[in-house]
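J.: Spelled out, the chains give:
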Amino acid sequence: MTAPVKTPGKKTRKSGQESLVKRLTRQQLFIPLAALVLLVLFNLIADPSFFAVSIKENSLGNPVLSGNIISVLDNASELVILSIGMTLVTASSGGQDISVGAAMAIAGSVILRLVCGGQVNADTMHMNLFLALFIAIVVSMLFGAFNGTLVAYFKIQPMVATLILYTAGRSIAAWINNNELPIMNDLSFKYAGTFLPGIPIPTPVFITIFMIALFWLVLKFTNLGLYTQSVGINASSARLNGLNPQRVKLLTYMILGACVAVAGFIRVSRSGSINYSRIAENIEMDAILAVALGGNALSGGKFNIYGSVLGAYVIQFLTTTLYKYDVPSTALPAYKAVVVILLVVLSAPVVREKLSRLKKAPAKAAKEVS
Amino acid sequence: MPKGIAVDKQGRLKDRVAMSDTNLLLTITIVVFFLLYLSAILFLGGGFTKGQTFLNILNNNASLIVLACGMSVVMITGGIDISVGAVTCLVCMVCAVNLERQGGNIFTVILIGLGIGLAFGLVQGFLVAHLGIQPFIVSLAGMFFAKGMTTIVSKEPIRVTNEAFLAVKDTRVNVPGLGSVNKLGQYVPAYVEVGVIVALVVVVLLFCLLRWSKLGRGFYAVGGNNQSANMLGINVRRTKFLAHVLCGLLAGLGGILYFLHVGSGDVANGAGDEMNAIASSIIGGTLLTGGVGNVVGSFFGVLSLNTIKRIVSSLGFDEAWWSNITVAAMLCLFLVIQSVVLLRKSKK
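Chains as they are written, first to last, in this note's numbering: chain W, 1155 to 1524; chain D, 942 to 1289.
Isolated chain D, as found in the complex:
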């Protein structure tokens, strides 16, 4: 049997409390993200030194942040939800139809978005938690259903012209201190869109929920070990059900944010976002086996994923397939790091 590693012999680690898996993986993620961005600034310079470049990553991915957070919650309980991308697309399409053809306003859009998400969450949660069907199959069917419904609602892309909506869409919140001076010598303030603020609020709320609420700790307990959670008096079924409902609701919210960003309903909206969300969660240190994970990690996962994409495109590899290959390579790297770290830890 391999005894402890060299560091142990020197007695350095002995007095310290070992980090929990969640915090360990979170630390790795954050460190990697900062290294990534720092090296981009140092070696590529150019756009990366501007604050706006960073904020644009946020602007473009507000919905993905929300989706990744929802995904993390379900993954922490040991499930998975691959319907979120398709639900995003459905929400966009229905909202666009509502605004353009039925005279809806911004409030009906929010209601519709959350309603659709909630409906998906409730049905999928019921099937997973109370009928014991595998979450992969259930959300696969959910994904198919949402995809099909989107084309039934409308095949043609719908551009939104509603003025009140466009006003919200174009609202820019200036961020002090990150602006830059353009070629004419004028100061251009850096901005974020409304969606980013909503997404950040969601991250903070979910972080608090997972950290301090009874339900949040229940998610971890159920994901860590079903049976012992049951013996602790946690209602496993209800916890799983609520996780899926929460994820569905967040998928609806993600759909609204996506809609707010692109301003149109299109069959191609949110394509592949379920995989992006899963990848972000994994890079953020959430394990598919459940019990380990953090929404802050998922937030940094989204950032890392899109920073890499941005670096690749600024290196001159413009084709979409290069960005796919690098994302996959990064995913691979993170998975192997996690696996090695956790395997070594369990051996100790």
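In isolation and in its complexed conformation, chain W is listed as follows:
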């Protein structure tokens, strides 16, 4: 049995008379796409060399692709994976999980602890990497279940419930490794975060594509999407229709937990080490922004995963663009905030209504004259 998963974007073509502009602006993906086009245009005009992709040798002497576009695709990986899970959580519970950054620290810490076998400076892997990743996913899902239980069964607002793990997460991560900073020197550990030998494209890009494909399949062949939406739109009517809203909510939090583990795995693989207080700092904010940018209502209900994915890439695109113009990384948030506010204001219903009225007014006047 498969249930059709409605994408909200398709609904807009009700009458053929609506102008193209109006139809476009009503699309859910309009905002992230417009932002992306604007950013691309800005970079094209300011400096076309932004898009140059070249082949360089990395530190190991392998030829790899390098360039701003590649770095956007590479660095956005964790954010994209998180934003997929965050979209589901947002849709089902109408709130956001602010503990993902801290949970990433936990997942990364677990992987390093297992792989290093408790040593501070390990040269060989003490455990199969996939087994370590699997254990990290299980641990992460348990933490997700903790969040989910508080939200679903104790009816605590998601942001508050996840505040607990947000406060404690990095400390738990430090505790797992006895407050030491393990370093993994085995090169094969870094394959997942950098490059596989002989392949010029960064591995995180493949992992991201795999995750997106996985969720595409899950949403296509299971009822997850439908159930999540119905619980998010109206939990009590979903219950009357035979769903168990609590279980659906719990499930989405556990799915986010799995996403967090994969993202944390990529992040520790990049450097082979971990810094508990700095790893994935503020990534929860970026993930929530990606969901909002993708046109998903933060109050839950209908969702579009691809919007969030696009939103995540837009955010990383913006970050990379700002870096290119020598904006110091500490001042970055200020510029990001301005862009975010502009985008959100433009997409606010009140503003949209006013804008469309402005467009209508001259048309009406023209009609009256004729």
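Read the hints as simulated data drawn from the structure, not as lab findings.
Keep in mind that a hint or two might mislead.
To be verified - Cross-link-like lysine-lysine pairs, in silico, BS3-like; alpha carbons within 25 Å at most:
| no. | chain 1 | residue 1 | chain 2 | residue 2 |
| --- | --- | --- | --- | --- |
| 1 | W | Lys1478 | W | Lys1210 |
| 2 | W | Lys1478 | D | Lys1096 |
| 3 | W | Lys1309 | D | Lys1096 |
| 4 | W | Lys1374 | W | Lys1456 |
| 5 | D | Lys1096 | D | Lys1110 |
| 6 | D | Lys1250 | D | Lys991 |
Treat the numbers as computed from the prediction; the structure is a model and nothing was measured.
Place chain D on chain W using the hints.
T.: Using the frame of chain W, we list chain D on its own:
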């Protein structure tokens, strides 16, 4: 359907007027705080028996008290403001630059602090109330903006050497009756800093505002139910707007108090204070869903939070991560208590 609990059958509760959610949660908070402090005195003794230990909790957290009060007001209307910590940091930095490089004095510092807070409050309030954007996103952007601006103003920490300012900073107000006798047999009076008095005044003023003014009751009405508040003739947009303006203003004031306590501008100032403020408000019995809460509760929330931190560090778990874990555990405990209490109440 589960019928009433045993107490009901005995008829004990029947004649009493049920407590409102706000008062119930407030009572829980205050009781827990006193139990906490009492057990600290009984089992740990030492520093906890001295009045100064208690007053130091106040001294160190005057700004957090003000921030938590502002946060409670916004949370009562059903919103949230996570920019307060970053605004605190920005205010500290700008004030330090003003004092050290532009020859400012204590009055310009106050003006700047309140001005920055007011500006953040106005913009965020407008975006939330009049454009209908979610408060989380708006204040998230506000937080990013304030953080970025702080480093644009100055990356290096600035120590203040202005004498008039330092004089105010070091002013100590003695509290009678709480002093102790030191090893030499001299009487050492207990003191609080100026910031604590300002913070206490803010708590009292806000308590009165929320309790008796039309605006204050409006906050509760809007947070409880938007639509019915609207039907009662309350201007929902204006009320929400004013709540955010008030919170912004208090964030500015919190920044001044923080600056007065540490006496320097630093990028790390007030880091994580937004979460501390939210945690204090929650421990104090304010619900994020709106309509329930109290600034006195938030005051006790701040005290409980820091008492726990202090107990943990005096138990010998010195690492910062232990204090984080206990704070989280305490938050968890309070959330579950609140949730269970309110769920049971709604079932009755």
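J.: With reference to the structure, classify each hint as holding or not holding.
T.: Now for the hints, and whether the structure bears them out:
1. Between lysine 1478 (chain W) and lysine 1210 (chain W) the CA atoms are separated by roughly 19 Å; this keeps the pair inside 25 Å, and the hint holds.
2. Proximity of lysine 1478 (chain W) to lysine 1096 (chain D) is assessed by CA-CA distance (about 20 Å); at most 25 Å being required, the pair is judged to hold.
3. Between the alpha carbons of lysine 1309 (chain W) and lysine 1096 (chain D) the distance comes to roughly 42 Å, so the proposed pair goes past 25 Å and is violated.
4. Distance check on the hinted pair: lysine 1374 (chain W) and lysine 1456 (chain W) sit about 16 Å apart at the alpha-carbon level, within 25 Å; holds.
5. For the proposed pair lysine 1096 (chain D) and lysine 1110 (chain D), the alpha carbon gap of about 24 Å is at most 25 Å, so the pair holds.
6. Of the supplied pair hints, the one linking lysine 1250 (chain D) and lysine 991 (chain D) holds, its CA atoms being roughly 17 Å apart against a limit of 25 Å.
In this structure, only the earlier hint numbered 3 is contradicted, and the remaining ones agree with it.
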